[in-house]
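Visitor: Here the protein sequences come in this chain order: A and B. So in the numbering used here, the last one in the first sequence is 349, and the numbering has no gaps at all. So in the numbering used here, the last one in the second sequence is 507, and the numbering has no gaps at all.
Calculated from the structure, these hints are not laboratory results. Ideal Cβ positions, reconstructed from N, Cα and C, are used throughout, including at glycine. Some hints could be false.
As the list claims (entries may be wrong) - Below, in silico cross-link-like pairs of lysine-lysine (BS3-like), each with a Cα-Cα straight-line distance of 27 angstroms or less: (1) A/Lys-121 to B/Lys-308; (2) A/Lys-178 to B/Lys-191; (3) A/Lys-153 to B/Lys-191; (4) A/Lys-111 to B/Lys-128; (5) B/Lys-128 to B/Lys-315; (6) A/Lys-153 to B/Lys-430; (7) B/Lys-191 to B/Lys-431; (8) B/Lys-55 to B/Lys-191; (9) B/Lys-315 to A/Lys-121; (10) A/Lys-178 to B/Lys-308; (11) A/Lys-111 to B/Lys-430; (12) A/Lys-346 to A/Lys-209; (13) A/Lys-209 to A/Lys-111; (14) B/Lys-315 to A/Lys-111; (15) A/Lys-209 to A/Lys-291; (16) A/Lys-154 to B/Lys-191; (17) A/Lys-178 to B/Lys-321.
Claimed, not checked - Partner residues aside, some chain A positions facing chain B, computed with beta carbon under 10 angstroms: (18) Gly-237; (19) Gly-243; (20) Pro-245; (21) Thr-273; (22) Gly-318; (23) Pro-321.
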Amino acid sequence: MIPELGILRRHGKQYIPDITAPKVPGPFKGRPEISTAAVDEAALADLCPTGAIGKKPVTIDLGKCVMCGACSFAFPEKIKFTSDYKIATNSRDRLIVSEGSSDPIMLDESKIRSEIRSLFGRSLKLREISAGGGNADEGELNACGNPNFDMGRFGIEFLASPRHTDGIVITGPITKNMAAATQICYDAVPSPKLIILAGTDAISGGIFAGSPALDRSFLGRYPVDLYVPGNPPHPLTFVNGVLSLVRKMKG
Amino acid sequence: MTAVSAVIRNQGVIPLTRIPVVSYPEFIRVVDELMTGGLHCVNYFAWAEGDMLKFIICLANDSDGTIHLLMHKSPKRTGLQLDALSLQHYQLHIFEREISENFGVDFTGHPWPKPVRYAWNRADQSKLINNYPFYKIDSDELHEVGVGPIHAGVIEPGHFRFLCNGETVLHLEIQLGWQHRGVESLFLTKPGLLQRTILSESIASDTSVGHSLAFVSLLESLAGINPGETLEMERTLALELERIAMHLGDLSNVNIGMAYQLASAVFGTLRTPVINYTQTWCGNRFGKGLNRVGGSHYPFNDELAAKLLDLMNKVEETAKPMADRLFGLPSFLMRSESIGRVTEAQTRLIGAVGMAARNAGVARDIRVTHPFASYRNHPIESQTLTQGDVWARMMLRNLELNDSVYYVRDLTRTWMDTHEPVSVPAEEKKLQLAADSFAVSLVEGWRGEVCHCAVTGSNGAIVHYKVKDPSLHNWMALALSLRNLEISDFPINNKSYNLSYCGFDL
């Protein structure tokens with residue numbers, strides 16, 4: 099046992115004590131801020147690889163943005179990505195950031211079904227469906243449960259059987275080949291149940307939008323409870339997003 | 002009679018007219034001669050041009066760093082029949098299956114002419130993914146176990162069908178395609194350079210750096226851009242960081258499968274500072290955004306270099322005591338030795354690459370045999386084990402982790418001594434790609450050989466783009482490793498390979 103003790107001592111405490119507070123390092127791209135500076139808007143919109151930039155006023159749709167930052171390199175006076183990772187919301191419209199706004203992205207409280215907080219506030223079990231996910235989205239969702247982010251302490255956990263869960267988390271642009279399996283899995287989850295879209299690919303198709311290999315008709319059939327943007331979504335974005343959906347958060 | 006084929010090197014470009022187009026019998030003869038001589042196939046694919054179907058094969062010679070190219074062509078028509086080359090060289094089976102699925106070519110005598118990924122533009126739309134023709138054995142004694150496409154964990158989808166005699170697996174058939182997003186056709190329909198670069202980062206996002214490096218190198222060779230040594234060093238550092246992070250993740254995952262919580266936690270949490278470092282560098286934990294054609298938005302700097310040296314110390318100091326303990330534990334050895342064994346002969350037969358080759362005595366590593374980026378001037382040593390079992394795949398990761406740490410340290414110091422300014426990425430409108438040409442780009446990603454190929458038309462536009470992830474070869478190794486093994490050994494075996502679903506499905 100002696101070697102294990104040494105290893106354990108070195109391992110120490112790994113968890114982030116306050117999951118709502120850490121700062122992410124480096125040039126991490128979270129919520130963008132768009133200034134009111136006048137620029138060639140057509141050129142700005144044109145350079146976006148996924149058509150996430152709108153004109154008059156200039157907007158960035160985080161549901162389409164793959165966080166490449168090309169707009170901020172070409173027009174640094176216009177677009178700046180902050181490291182604010184709390185960008186998940188339950189309203190598709192709130193993912194669209196407009197020029198002149200530096201407001202945080204919040205959930206629309208009026209849209210949260212009452213049973214979500216009463217039933218899932220202290221225990222939320224989720225079934226993940228990778229439907230064309232590139233394995234970064236899946237990697238980050240796995241990381242949410244690792245000793246660093248440790249979302250298990252909030253009662254949030256991924257489980258194997260949809261029968262034992264309270265909702266699904268979809269990653270990937272939803273391929274034709276996974277369309278039937280996605281529906282079958284959702285049907286197997288007992289009601290009431292959640293649908294969470296994790297990652298830009300799931301929200302809009304991302305760089306794969308428009309591919310004839312996709313079938314996104316599932317999303318037309320049900321309301322989505324949470325959009326978690328990112329390419330892939332950062333674990334802090336996911337954990338904080340889910341917490342603000344199922345619990346009343348302070349501040 | 003000696004073989005006639007065009008010869009280029011890794012990241013080489015050649016006018017299409019210089020690649021010999023031979024009759025199919027001659028194609029078979031030359032390919033047979035080259036492959037019997039030890040060359041392995043890094044790509045073999047077809048594309049349609051007008052009413053013709055053109056085929057090109059790329060065979061790598063690992064002893065002299067050359068890549069042999071040869072073509073044949075046929076009028077495009079339904080029911081086109083060609084003799085299967087897979088009969089002589091089994092490693093071609095997956096390439097012939099893919100050509101058959103995409104274009105309806107009937108490779109006569111092919112041992113299992115089954116669909117590969119049910120691509121959206123497959124020739125026969127009546128074949129459906131939910132109706133795959135699995136092998137069956139008629140027997141009252143045997144049973145089948147079907148798993149997937151959705152698995153227990155948070156992982157990508159695939160279907161595994163086990164033919165079992167009691168607890169023993171007689172055969173595992175792996176059916177993929179669930180992840181098919183139409184990547185190769187998107188390379189043509191999304192023409193922007195940035196779109197294509199991001200697409201390359203998304204082929205298999207756990208290999209973002211590997212696949213995007215293959216892409217930008219291919220484009221640079223077609224555009225005649227020399228990235229320069231400094232940029233190459235930075236790209237090489239990113240590629241080795243990806244290897245370190247993924248190897249740590251896999252060392253953690255296999256230990257979850259073995260219920261050894263301590264090793265799983267130690268290796269798993271050690272991965273966090275590595276990918277957080279990549280985020281400190283480029284804003285993304287998977288290295289997305291780093292590789293761009295002709296330059297970088299995130300040039301390396303002295304502060305990053307110092308942090309990287311610190312990180313490598315941390316990785317070494319943390320991983321080594323854990324690895325020493327793990328590989329000395331009798332319970333770990335019992336669980337991993339001789340489990341999921343694939344022999345050297347099988348490995349050569351199926352054309353396995355990367356770790357799936359090096360764990361069974363086949364020294365196949367593009368960094369050594371067809372060096373690219375900094376591996377040309379700063380050679381790396383590659384490790385080969387012979388056991389071919391779960392233990393070997395774990396030990397290989399441990400050894401490669403150490404080698405990468407040493408290599409990153411050396412290369413970082415070289416960068417500190419020699420670096421020059423790195424330019425911003427090339428402007429798309431100034432890029433002129435070589436017309437009517439063929440280019441091939443090989444990169445040793447953490448799983449193995451990544452291969453990107455492009456064919457250009459008369460104005461230099463890309464008319465065909467071909468991606469090969471190492472998993473295209475290696476899924477067969479996982480299938481073979483399960484034979485005569487208990488079905489309960491599947492999870493650790495699967496984790497010990499950690500192959501790519503989306504890289505295969507494209």
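Visitor: Hint by hint, note whether the structure agrees.
Guide: Now the hints, each set against the structure:
A threshold of 27 angstroms between alpha carbons decides the hint, and for A/Lys-121 with B/Lys-308 the separation of about 18 angstroms falls inside it, so the pair holds. For the proposed pair A/Lys-178 and B/Lys-191, the alpha carbon gap of about 26 angstroms is at most 27 angstroms, so the pair holds. Restraint check for A/Lys-153 and B/Lys-191: satisfied, since their Cα atoms lie roughly 22 angstroms apart, inside the 27 angstroms limit. A C-alpha spacing of about 53 angstroms is found between A/Lys-111 and B/Lys-128, which places the hinted pair above 27 angstroms, so the restraint is violated.
Among the hinted pairs, B/Lys-128 with B/Lys-315 is inconsistent with the structure: their alpha-carbon atoms are about 52 angstroms apart, more than 27 angstroms. Restraint check for A/Lys-153 and B/Lys-430: the C-alpha separation of about 23 angstroms stays at or below 27 angstroms, so the hint holds. With a C-alpha separation of about 18 angstroms, the suggested pairing of B/Lys-191 with B/Lys-431 holds against the 27 angstroms cut-off. A C-alpha spacing of about 23 angstroms is found between B/Lys-55 and B/Lys-191, which places the hinted pair at or below 27 angstroms, so the restraint holds.
At most 27 angstroms may separate the alpha-carbon atoms for a hinted pair to count; B/Lys-315 and A/Lys-121 meet this at roughly 21 angstroms. Restraint check for A/Lys-178 and B/Lys-308: the C-alpha separation of about 25 angstroms stays at or below 27 angstroms, so the hint holds. A distance of roughly 51 angstroms separates the Cα atoms of A/Lys-111 and B/Lys-430; the hinted pair therefore is violated under the 27 angstroms criterion. Straight-line distance between C-alpha atoms of A/Lys-346 and A/Lys-209 comes to about 14 angstroms, which keeps the hinted pair within the 27 angstroms bound.
Simply put, A/Lys-209 and A/Lys-111 have alpha-carbon atoms about 38 angstroms apart, too far for the 27 angstroms limit, and the pair is violated. Annotation: proposed proximity of B/Lys-315 to A/Lys-111 holds, straight-line Cα distance about 16 angstroms (limit 27 angstroms). Taking the CA atoms of A/Lys-209 and A/Lys-291, the gap is about 15 angstroms. The hint holds against a cut of 27 angstroms. Between A/Lys-154 and B/Lys-191 the alpha-carbon distance is near 25 angstroms, which keeps this suggested pair within the 27 angstroms criterion.
Distance restraint check for A/Lys-178 and B/Lys-321: the Cα-Cα separation of roughly 41 angstroms exceeds the 27 angstroms cut-off, and the hinted pair is therefore not satisfied. Hint status for A/Gly-237 relative to chain B: holds, with the closest Cβ pair at about 6 angstroms, below 10 angstroms. Hint status for A/Gly-243 relative to chain B: holds, with the closest Cβ pair at about 8 angstroms, below 10 angstroms. With a cut of 10 angstroms, the hint placing A/Pro-245 at the interface with chain B holds, because the nearest CB-to-CB distance is about 5 angstroms.
With 10 angstroms as the threshold, the beta carbon of A/Thr-273 comes within range of chain B, its nearest partner Cβ sitting at about 6 angstroms, so the hint holds. The beta carbon of A/Gly-318 is not positioned within 10 angstroms of any beta carbon in chain B (closest approach about 19 angstroms), and the interface hint is therefore violated. Hint status for A/Pro-321 relative to chain B: violated, with the closest Cβ pair at about 22 angstroms, above 10 angstroms.
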